[in-house]
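Undergrad: Next come the chains, spelled out residue by residue.
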Amino acid sequence: DIVMTQSPLSLPVTPGEPASISCRSSQSLLHSNAYNCLDWYLQKPGQSPQLLIYLGSNRASGVPDRFSGSGSGTDFTLKISRVEAEDVGVYYCVQGLQTPITFGLGTRLEIK
Amino acid sequence: EVQLLESGGGLVQPGGSLTLSCAASGFTFQTYTMSWVRQAPGKGLEWVSGILGGGGGTTYYAGSVKGRFTISRDNSKNMMYLHMNSLRDEDTAVYYCAKDREPDGMWQFDYWGQGTLVTVSS
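These protein sequence lines map, in sequence, to chains A and X.
Position 74 of the first sequence, counting from 1, maps to 69 under the numbering used here, and the rest follow consecutively.
Position in the second sequence counted from 1, then plus 2, gives you the numbering used here.
Keep in mind that a hint or two might mislead.
As the list claims (entries may be wrong) - Computed footprint of chain A on chain X, listed as stretches where at least three residues anywhere in the stretch have a Cβ under 8 Å from a Cβ of chain A:
1) 41 to 54
2) 60 to 71
3) 110 to 118
What the hints assert, rightly or not - Computed list of lysine-lysine pairs in BS3-like fashion (alpha-carbon distance at most 27 Å, straight line):
4) Lys68/X x Lys45/X
5) Lys68/X x Lys79/X
6) Lys74/A x Lys39/A
7) Lys39/A x Lys107/A
8) Lys45/X x Lys107/A
9) Lys39/A x Lys79/X
10) Lys45/X x Lys74/A
11) Lys107/A x Lys74/A
Stated by the list, open to error - Examples of chain A residues toward chain X, derived with CB under 10 Å:
12) Ser23
13) Ser27
14) Ala29
15) Tyr36
16) Gln38
17) Ser52
18) Phe62
19) Gly84
20) Tyr87
21) Gln90
22) Thr94
23) Pro95
24) Ile96
25) Gly99
26) Gly101
27) Leu104
Since the hints were made in silico from the structure, they are not lab data.
All C-beta atoms, glycine included, are put in the ideal place defined by N, C-alpha and C.
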């Protein structure tokens, strides 16, 4: 199985400041179609997860442009340009290259 | 509007069985890959199982449930199911139904249900 490693696991951020989460996979997530099969989800407190970024760098429908994804192969990053209070929750990276689909442990973003 | 509504959760004894249902609406259900994802209390997300759309119906499972759980779908009713046998304490979790973003089954979950809680305990 592909192992997904996120860091940090906890991320306190001041509103208006940027934030960055790293995700590393145990093997390359580059598909034969040239896409990186890496997605990011946010689970806000008490809610179901929501898709933020798919295929490494594509924002899902309705996701604010302060969220961006980058990376290729085994190293990926989610960046929030200016954190807002509504961004609080747990962020997960997920690989969709092969089953079983595997999630990182999650990064809990909190407001300072 | 896409809607996914899970049902069937509850309290079951270790070794028991339970079947979860997911009622889908607002999209062409038969063409989309669907999955079950669970979350143990206070823990992270774990993909459990997926079933392809497009008529193929190929199924996939996490190692932790293979041989005990069976995923299925009824495209005529826009329903997906998870039949769970030989349940263990560690299967206690909220179980989410999730829809793929595109019909080609790239395992990107753009819609999730609200979840149904399964508690395995004596």
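Undergrad: Regarding the hint that tyrosine 36/A lies at the interface with chain X, is the smallest CB-CB distance below 10 Å?
TA: 8 Å, holds
Undergrad: Would you check the hint for lysine 68/X and lysine 79/X, treating anything up to 27 Å between C-alpha atoms as holding?
TA: Between lysine 68/X and lysine 79/X the Cα gap is close to 26 Å, so the pair holds against 27 Å.
Undergrad: Would you check the hint for lysine 45/X and lysine 107/A, treating anything up to 27 Å between C-alpha atoms as holding?
TA: The given pair, whose Cα atoms are some 23 Å apart, holds under the 27 Å limit.
Undergrad: Next item in the hint list is proline 95/A. Is there a CB on chain X closer than 10 Å to its CB?
TA: Nearest chain X Cβ about 5 Å off; hint holds.
Undergrad: Minimum Cβ distance from serine 27/A to chain X below 10 Å?
TA: 12 Å, violated
Undergrad: Would you say the region 60 to 71 of chain X counts as covered by chain A, given the rule of at least 3 residues with C-beta under 8 Å?
TA: holds (count 4)
Undergrad: Please verify whether lysine 45/X and lysine 74/A have alpha carbons no more than 27 Å apart.
TA: 23 Å, holds
Undergrad: Does the closest beta carbon of chain X sit nearer than 10 Å to the beta carbon of glutamine 90/A?
TA: 8 Å, holds
Undergrad: Holds or violated: is there a CB of chain X closer than 10 Å to the CB of threonine 94/A?
TA: 4 Å, holds
Undergrad: Can we keep the glycine 99/A interface hint, with Cβ of chain X closer than 10 Å?
TA: Constraint on glycine 99/A satisfied, holds at 8 Å.
Undergrad: So, as I understand it, the hint says phenylalanine 62/A touches chain X; can you test that by seeing if any CB pair is closer than 10 Å?
TA: With Cβ-Cβ at 15 Å, over 10 Å, it is violated.
Undergrad: Using the nearest Cβ pair, does tyrosine 87/A come within less than 10 Å of chain X?
TA: 6 Å, holds
In the structure shown, a violation is registered for the earlier hints numbered 9, 12, 13, 14, 17, 18, 19 and 27, in ascending order.
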